[in-house]
Amino acid sequence: MAQSPLDPLSSEIERSLAEIERSLVALKQRYNQVQNDLQRQATLQQRQKELGRTKEFQAELNRIKAELEEIEMNLESQLFSWGSLKEPFWQAVRFGGLGILIGWMLRSCVR
Numbered sequence: 021m022a023q024s025p026l027d028p029l030s031s032e033i034e035r036s037l038a039e040i041e042r043s044l045v046a047l048k049q050r051y052n053q054v055q056n057d058l059q060r061q062a063t064l065q066q067r068q069k070e071l072g073r074t075k076e077f078q079a080e081l082n083r084i085k086a087e088l089e090e091i092e093m094n095l096e097s098q099l100f101s102w103g104s105l106k107e108p109f110w111q112a113v114r115f116g117g118l119g120i121l122i123g124w125m126l127r128s129c130v131r
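Basically the working numbering = 1-based index in the sequence shown + 20.
Hints listed in this document are in silico derivations from the structure and should not be mistaken for laboratory results. Where a beta carbon is used, it is the ideal one built from N, C-alpha and C, also for glycine. There's no promise every hint is true.
As the list claims (entries may be wrong) - Label-pair distances were calculated between CB atoms; the ranges are:
1. L95 with L126: 43 to 53 Å
2. R50 with R127: 19 to 29 Å
3. L29 with L64: 47 to 57 Å
4. R114 with E39: 54 to 64 Å
Using the sequences provided together with the hints, build the complete structure.
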């Protein structure tokens with residue numbers, strides 16, 4: 021049975037779609053985490069203001085401060101990772117290098 025020339029293209033498209041779906045799921049999970057953390061941060065900041073007025077809850081206030089710091093770290097981290105920058109980086113390297121080679125070839129042809 022002869023293999024259709026579209027079979028490799030079809031399998032490549034399927035792999036790309038699967039990768040996009042995985043990325044979308046990861047992005048949705050990250051978005052939900054950020055939304056939950058922002059909501060929790062607002063709640064804790066409100067509670068911190070309430071407890072800041074009384075001295076008897078100093079231990080809880082310290083715990084809330086520590087949790088707020090952790091949430092801020094979660095919000096700041098994982099927004100950019102090497103995985104998300106890897107493809108654009110290599111495309112820039114590839115096409116930048118290709119541009120330099122074409123420039124050198126054109127320069128040598130002009131002389």
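Here is how each hint holds up against the structure:
no., hint, in the structure
1, L95 with L126: 43 to 53 Å, "holds, 48 Å"
2, R50 with R127: 19 to 29 Å, "violated, 46 Å"
3, L29 with L64: 47 to 57 Å, "holds, 52 Å"
4, R114 with E39: 54 to 64 Å, "violated, 19 Å"
Violated hints, in rising order: 2, 4; the structure is consistent with all others.
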